[in-house]
Amino acid sequence: MKRTALILGVFAMITSCAQKNVFFEEWDTPYGTAPFSRISEKDYLPAVEEGIKQQKAEIEAIIACPDAPTFENTVAAYELSGALLAKVTGVFYNLAESDATPSMQALEENITPLVTAADDEIFMNDAFFERIKAVYEGNEDLTREQRMVVKKLYERFVRNGVALDEAGKARFKEINARLAVLSQTFGNNLLAENNAFKEATGITVSAYPAYMSSTADRAAREKAFRAYSSRGNRGNENDNNAIVLEIMKLRTEKAALLGYGSSAEYLLADKMAAKPGAVDVFLGEIMASSMKKAKEEVYDMQKIMDEDVAAGLLPAGSKIEPWDWFYYAEKVRKAKYDLDEEETKPYFQVDSVRKGVFYAAEKVYGVKVTPAPEVEVYNPAVTAWKVEDADGSLLGIFYCDYFSRDIKRGGAWMNNFREQMVDASGNDIRPVIVNCCNFPPATEEAPSLLTVDEVQTAFHEFGHALHGFLTKCHYITVSGTSVARDFVETFSQFNENWAFEKEILSRYAHHYQTGETIPDALVEKINNALKFNQGFTTGELCAASILDMRWHELDAAALEPFESDGTTEGRSAAVRAFEDKVCDEMGLIEEIIPRYRTTYFNHIFNSGYSAGYYSYLWSEVLERDAFEKFVADGLYNPETARSFRETFLEKGGGEEPMTLYRSWRGADPDPASLLRGRGLE
1 MKRTALILGV FAMITSCAQK NVFFEEWDTP YGTAPFSRIS EKDYLPAVEE GIKQQKAEIE
61 AIIACPDAPT FENTVAAYEL SGALLAKVTG VFYNLAESDA TPSMQALEEN ITPLVTAADD
121 EIFMNDAFFE RIKAVYEGNE DLTREQRMVV KKLYERFVRN GVALDEAGKA RFKEINARLA
181 VLSQTFGNNL LAENNAFKEA TGITVSAYPA YMSSTADRAA REKAFRAYSS RGNRGNENDN
241 NAIVLEIMKL RTEKAALLGY GSSAEYLLAD KMAAKPGAVD VFLGEIMASS MKKAKEEVYD
301 MQKIMDEDVA AGLLPAGSKI EPWDWFYYAE KVRKAKYDLD EEETKPYFQV DSVRKGVFYA
361 AEKVYGVKVT PAPEVEVYNP AVTAWKVEDA DGSLLGIFYC DYFSRDIKRG GAWMNNFREQ
421 MVDASGNDIR PVIVNCCNFP PATEEAPSLL TVDEVQTAFH EFGHALHGFL TKCHYITVSG
481 TSVARDFVET FSQFNENWAF EKEILSRYAH HYQTGETIPD ALVEKINNAL KFNQGFTTGE
541 LCAASILDMR WHELDAAALE PFESDGTTEG RSAAVRAFED KVCDEMGLIE EIIPRYRTTY
601 FNHIFNSGYS AGYYSYLWSE VLERDAFEKF VADGLYNPET ARSFRETFLE KGGGEEPMTL
661 YRSWRGADPD PASLLRGRGL E
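Under the numbering used here, the letters of the sequence shown match residues 1 to 681, in that order.
In short, the hints are calculated from the structure, not lab data.
Computed from a predicted model, the values in this text were never measured in an experiment.
Do not take every clue at face value.
To be verified - Below, simulated DSSO-like cross-link-like pairs (lysine-lysine); rule was C-alpha separation at most 30 Å, straight line:
id, residue 1, residue 2
1, Lys56, Lys20
2, Lys472, Lys133
3, Lys275, Lys386
4, Lys198, Lys386
5, Lys319, Lys295
6, Lys345, Lys363
7, Lys331, Lys345
8, Lys223, Lys169
9, Lys169, Lys53
10, Lys173, Lys223
11, Lys292, Lys20
12, Lys525, Lys295
13, Lys42, Lys53
14, Lys472, Lys363
15, Lys249, Lys363
16, Lys336, Lys152
17, Lys319, Lys87
18, Lys408, Lys87
19, Lys345, Lys386
20, Lys363, Lys331
21, Lys275, Lys525
22, Lys275, Lys303
23, Lys42, Lys336
24, Lys152, Lys275
25, Lys629, Lys525
26, Lys133, Lys56
27, Lys292, Lys87
28, Lys336, Lys295
29, Lys345, Lys355
30, Lys169, Lys355
31, Lys345, Lys87
Claimed, not checked - Have a look at the derived ranges for each label pair, beta carbon to beta carbon:
id, residue 1, residue 2, range
32, Gly566, Pro209, 35 to 45 Å
33, Lys295, Trp27, 52 to 62 Å
34, Glu343, Thr143, 24 to 34 Å
35, Ala390, Thr568, 51 to 61 Å
36, Ala632, Gly284, 39 to 49 Å
37, Gly284, Asp520, 53 to 63 Å
38, Gly426, Glu343, 35 to 45 Å
39, Glu137, Gly570, 30 to 40 Å
40, Ala632, Glu524, 42 to 52 Å
C-beta atoms are modelled at their ideal positions from N, C-alpha and C, and glycine is treated no differently.
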């Protein structure tokens with residue numbers, strides 16, 4: 001693909017700032033990766049401002065083009081615009097999440113509104129939209145990928161209010177700007193609350209399940225549970241109730257401006273599910289199955305608790321409470337499967353697990369991952385790796401940021417420092433990708449040893465990375481993980497299937513002290529136990545998904561009572577009453593709470609999963625059904641893996657998800673595959 005003359009003209013007109021700024025230079029570094037040691041925090045804001053200025057000039061040049069709109073002079077030109085802005089924000093927003101110092105948080109407060117406003121200016125520009133619309137409605141001979149790019153850009157304009165009158169556009173911009181600030185504030189508050197939780201309990205948020213599973217002191221468990229489940233809801237300076245309510249009011253108003261009855265209707269319009277009702281039915285069926293299993297799990301746990309009562313360890317009449325679940329579930333697991341996490345963790349030293357993650361990618365797709373010490377990293381705990389295809393061609397650069405630290409947000413995620421694309425000279429620009437987790441760092445006594453769940457997390461996040469590395473697209477709009485939100489988790493969850501396969505385990509699961517390969521008997525226990533406690537695991541996930549949907553299904557009138565008395569206490573009581581009502585209506589048993597309560601539900605209030613947390617379960621239907629084909633064809637059947645890679649991973653968002661799935665599978669995915677996979681049938 002050749003860069004158009006108009007873009008060359010724009011760059012000829014643009015002059016760089018006089019001050020020295022590393023973002024204004026070509027990076028003469030291995031693979032063009034960021035020279036982190038040379039980047040100063042003072043570089044970010046000027047680089048963002050200059051990047052916005054440059055992209056604005058590029059868009060103006062596209063609009064001023066005297067030729068009739070074509071894909072090349074309009075859409076392709078847009079895809080090549082904003083290079084400097086992408087360069088600086090790719091670094092800034094990744095570091096703002098993984099190294100969120102107070103100064104970086106302050107910078108984010110200044111930068112985010114600028115970026116949001118610049119984006120709005122592009123996607124509310126009538127003249128630019130008319131050119132995009134002309135290409136969208138034209139009969140130009142385009143590839144399928146190009147048609148998808150045009151479709152997504154056209155829909156982005158429409159969904160961003162380009163058809164609104166000037167007053168509507170102005171209000172839409174105000175809403176977007178305010179939402180950007182509120183989301184950031186929510187995340188910063190939660191980071192502070194997570195650190196306060198550690199100060200109060202002596203454990204990190206990521207260590208909470210392990211602590212609750214192993215702590216015999218019931219009072220200590222209850223204290224930890226109440227601290228964990230009240231994050232963002234403690235009436236202090238980090239309280240998120242007011243933030244949540246303002247976010248929901250603005251999201252609802254934004255949807256109404258575009259003619260939608262709720263923010264859920266607006267947010268789902270471009271997803272696979274399409275309608276809130278489809279998601280509600282889907283989740284309702286899963287909840288019913290999971291609660292049936294959960295009640296059986298409570299019965300099993302209560303029997304063991306009754307033994308503790310009989311032994312005088314607990315008072316008479318003690319019943320399973322939410323803070324008891326992890327502890328007594330672990331006892332049931334040991335009794336049923338003779339499986340103890342303390343027995344498995346020595347085989348899952350973090351470096352060995354990473355080796356297994358890489359080996360699985362090589363075994364299935366032919367991908368090779370080798371150390372890249374020549375690539376600079378942004379934190380001493382981070383390692384850099386080169387990812388190559390079977391023929392030795394470069395697929396990309398990978399940063400592995402596995403360990404928790406106080407300035408890193410909770411959870412696990414994949415992100416791009418640089419997107420895959422084809423540049424103006426026809427060069428395939430390979431991505432730079434990071435996996436961030438919050439695994440426990442090594443101590444003086446032992447290396448970092450992972451639980452079964454943490455092992456799955458490592459495989460999950462590298463599944464996202466593979467989606468980014470294996471993409472073979474031309475345009476950023478559809479490259480890699482730029483797919484529908486309820487499709488994107490398919491490949492990360494699919495990759496979890498390899499974590500405990502015998503062939504893969506034999507290559508990485510070695511005892512960190514003796515070097516012994518994990519015994520077959522222990523592997524069998526792990527695989528048997530993977531379907532254990534699925535009533536709880538599926539139920540808490542499904543409950544959070546339903547809570548997310550219920551928030552986003554509210555209209556403006558339904559939100560008014562939440563602010564009836566306008567006090568922090570009143571908001572907190574209203575939010576919790578809403579949660580309780582939703583949980584009761586969904587049939588969630590009282591021994592379980594949603595995986596995320598409202599005030600610490602980062603996915604939906606700060607990470608782009610609003611009315612979309614159901615995506616994990618929706619995608620799981622696809623990946624479970626896909627894995628059943630791998631099992632039927634032979635787990636390491638090269639033809640099945642090749643077709644899976646070419647159909648899905650290489651195409652990114654270049655085709656409609658269900659079109660791809662049907663072409664590969666020959667049928668729609670079987671909804672029951674999720675229940676089978678989780679042992680809930």
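Here's how the hints hold up against the structure:
no., hint, verdict
1, Lys56 with Lys20, "holds, 22 Å"
2, Lys472 with Lys133, "holds, 26 Å"
3, Lys275 with Lys386, "violated, 41 Å"
4, Lys198 with Lys386, "violated, 35 Å"
5, Lys319 with Lys295, "holds, 13 Å"
6, Lys345 with Lys363, "holds, 24 Å"
7, Lys331 with Lys345, "holds, 17 Å"
8, Lys223 with Lys169, "violated, 48 Å"
9, Lys169 with Lys53, "holds, 21 Å"
10, Lys173 with Lys223, "violated, 43 Å"
11, Lys292 with Lys20, "violated, 64 Å"
12, Lys525 with Lys295, "holds, 23 Å"
13, Lys42 with Lys53, "holds, 18 Å"
14, Lys472 with Lys363, "holds, 20 Å"
15, Lys249 with Lys363, "violated, 49 Å"
16, Lys336 with Lys152, "violated, 50 Å"
17, Lys319 with Lys87, "violated, 56 Å"
18, Lys408 with Lys87, "holds, 22 Å"
19, Lys345 with Lys386, "holds, 28 Å"
20, Lys363 with Lys331, "violated, 36 Å"
21, Lys275 with Lys525, "violated, 41 Å"
22, Lys275 with Lys303, "violated, 43 Å"
23, Lys42 with Lys336, "violated, 58 Å"
24, Lys152 with Lys275, "holds, 18 Å"
25, Lys629 with Lys525, "holds, 24 Å"
26, Lys133 with Lys56, "holds, 19 Å"
27, Lys292 with Lys87, "violated, 50 Å"
28, Lys336 with Lys295, "holds, 17 Å"
29, Lys345 with Lys355, "holds, 16 Å"
30, Lys169 with Lys355, "violated, 51 Å"
31, Lys345 with Lys87, "violated, 39 Å"
32, Gly566 with Pro209: 35 to 45 Å, "holds, 37 Å"
33, Lys295 with Trp27: 52 to 62 Å, "holds, 58 Å"
34, Glu343 with Thr143: 24 to 34 Å, "violated, 54 Å"
35, Ala390 with Thr568: 51 to 61 Å, "holds, 58 Å"
36, Ala632 with Gly284: 39 to 49 Å, "violated, 30 Å"
37, Gly284 with Asp520: 53 to 63 Å, "violated, 40 Å"
38, Gly426 with Glu343: 35 to 45 Å, "violated, 54 Å"
39, Glu137 with Gly570: 30 to 40 Å, "violated, 51 Å"
40, Ala632 with Glu524: 42 to 52 Å, "violated, 22 Å"
This entry does not satisfy hints 3, 4, 8, 10, 11, 15, 16, 17, 20, 21, 22, 23, 27, 30, 31, 34, 36, 37, 38, 39 and 40, going by the numbered hints stated previously.
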